[in-house]
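Visitor: Spelled out from the first residue to the last, the chains are:
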Amino acid sequence: MGNTRILTREFEYVAPETMPELLALLDRHGPAATIIAGGTDVVPQLKYETISPDYLIDVTKIAELCTVRRDGTLHIGAAVKLRDVKAYCRDHEIYACLDDALGSIGQVQVVNMGTLGGNLCTASPAADAALALLVLEAQVRLIGSSGERIVALDAFFRGPKLTCMEPGEVLAEIQVPAVADHTGSAFRKIGRVAGDISKISCAVAVQSDGERCLSCRIGMGAVGPTPMRMPGVEQLLSGRAIDTDVMDEAADRLAADISPLTDARSTEFYRRRVSRVLFKDTFDQAWKRVQRQP
Amino acid sequence: MMTKRRVTLTVNGEHVEPLVEANALLVNVLREELQLTGTKYCCGTGQCGGCTVLVNGEPILSCLTLAAAVDGADIVTIEGVAEPDGSLDPIQEAFLDHGAVQCGFCTPGMILMAKDLLAHDPSPSEEQIREHLRGNLCRCTGYHRIVKAIGSCGQ
Ligand SMILES: Cc1cc2nc3c(=O)[nH]c(=O)nc-3n(C[C@@H](O)[C@@H](O)[C@H](O)COP(=O)(O)OP(=O)(O)OC[C@H]3O[C@@H](n4cnc5c(N)ncnc54)[C@H](O)[C@@H]3O)c2cc1C
Ligand code: FES
Ligand code: FES
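Protein chains in written order, with the numbering used here: chain C, 1 to 294; chain Y, 1001 to 1155.
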């Protein structure tokens, strides 16, 4: 473990104000450059000496990465602070699971500092906003000097701390498609104590006609190499009238489909057992939110 | 050798232009360059909230913030909470009245979080207070008196 009081690594800090400048810097410095946004992951990594950049490139001064707009699809710039995303979601109930996820983040201070793009690019299996965005079927817009592409979020995550971004690419924007009518969503997590990251997390978006689940999207965090969708459980529930037997069946399937590990935060046994309950509670809350809609 | 840069900050209402290295953390610039040692360095990894300061009105962790990244910002530290004549802020008074300070190491962070909470919500519930302070650790008081002190400031 490194020094937690000062940064012993020496680097240059650069804060470009336009995308072309940013892309040119990334091309010029290649692997010697690391992007920094809110720094809540990058600065601890510098302290623990798990990264050793010669250039830190701050993306938060680029205006187009800091805007939120909606045209049916919600477009959130990658460098928008988590607190601003949260304020937006509080006013728009259809993004309830994202609001829940941001509200569950350890510290108010981290919500004020961290960015939505940073939460995704850490590619942590326990990233809370990432899991909520997964069940909202978000996409990300990636830009590099040779062009741009749009990638579905489940294809963006490749493994722990691994994304599909190529060297020189940046995450520019998160796109959340319009949410279908009669859809409710929720997110819940279990941590060791308030302020800790998830040892299991669950996000659900469900469309219902009051009795049956018309369609649903279920995501589980910290129980596999990436935040993951649960297609088997989603199929099992689609078109079914929801009662406790159906939910038990779905929870059994979910516990069988996850691939949790034993680590410092929890055990494989605990994660598999408690995932069932967390899933049922989260589903229930999303379900209640649909029923409350006019 | 890294080049140093001048950053322009307003700290507790005063204009300052410290010369900082690219890898300088805000907590160390405040404590060492500006001699404002009320801001505490404790865990250094974002776990405890002891290094909390307000940047442009929002509480952040100065142990995880590069000084270069807050160039131009308005910063309030615990030294900026009392009036210039030394009279204490009502939150500081309440901490004293309720015995919410023991060793005092967590107190600067707690008070700045309380200021932030009360600025957004003048009469928070106990639950909201605990929610807001969830990232600030105290090893002495058991939190109860801190929560009571902040609650007593609500209108
Ligand atoms: C005390 C503490 C508690 C936390 N609790 C939680 C929690 O409860 N839940 C949770 O989900 N997370 C938690 N985190 C993790 C937190 O770091 C992230 O949630 C945060 O969103 C990261 O955003 P950032 O802007 O600070 O990222 P940074 O640290 O700036 O960057 C993170 C990574 O993303 C890359 N990156 C950033 N922006 C871009 C971009 N636009 N394009 C390409 N790459 C980019 C960086 O190079 C880096 O690898 C916690 C962190 C701390 C310190
Ligand atoms: S010293 Fe910054 S959070 Fe503990
Ligand atoms: S009073 Fe000692 S840590 Fe809070």
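Bear in mind the hints are in silico, worked out from the structure with no lab data behind them.
Note that the structure is a prediction, hence the values are computed from the model and not measured.
Note that beta-carbon positions come from the ideal geometry of N, C-alpha and C, so glycine has one too.
Worth double-checking, as some hints may not be accurate.
What the hints assert, rightly or not - The following label-pair restraints were derived from C-beta to C-beta distances:
#1 Y:Gly1154 with C:Ala152: 28 to 36 Å
#2 Y:Asp1074 with C:Ser145: 29 to 37 Å
#3 Y:His1015 with C:Ile150: 25 to 33 Å
#4 C:Phe269 with Y:Pro1090: 22 to 30 Å
#5 C:Gln291 with Y:Gln1102: 25 to 33 Å
#6 Y:Ser1087 with C:Arg192: 47 to 55 Å
#7 Y:Glu1058 with C:Thr262: 32 to 40 Å
#8 C:Ala152 with Y:Ser1087: 52 to 60 Å
#9 C:Gly103 with Y:Leu1096: 27 to 35 Å
Visitor: Compare the structure with each hint and give your call.
Guide: Verification of the hints:
1. Separated by about 46 Å at the C-beta atoms, Gly1154 of chain Y and Ala152 of chain C break the suggested range of 28 to 36 Å.
2. Roughly 36 Å separates the CB atoms of Asp1074 of chain Y and Ser145 of chain C, a value that falls within the hinted 29 to 37 Å.
3. At roughly 45 Å, the beta carbons of His1015 of chain Y and Ile150 of chain C sit outside the given window of 25 to 33 Å.
4. As the Cβ distance of Phe269 of chain C to Pro1090 of chain Y is approximately 51 Å, the hint placing it in 22 to 30 Å is violated.
5. A C-beta distance of roughly 48 Å is found between Gln291 of chain C and Gln1102 of chain Y, which places it outside the suggested range of 25 to 33 Å.
6. Checked against the hint of 47 to 55 Å, the pair Ser1087 of chain Y and Arg192 of chain C fails, with Cβ atoms roughly 42 Å apart.
7. One distance hint, 32 to 40 Å for the beta-carbon pair Glu1058 of chain Y and Thr262 of chain C, holds here, with the actual separation near 38 Å.
8. Judged by the Cβ atoms, the range 52 to 60 Å given for Ala152 of chain C and Ser1087 of chain Y holds: they are separated by roughly 58 Å.
9. Checked against the hint of 27 to 35 Å, the C-beta distance between Gly103 of chain C and Leu1096 of chain Y comes to roughly 32 Å, which is consistent with it.
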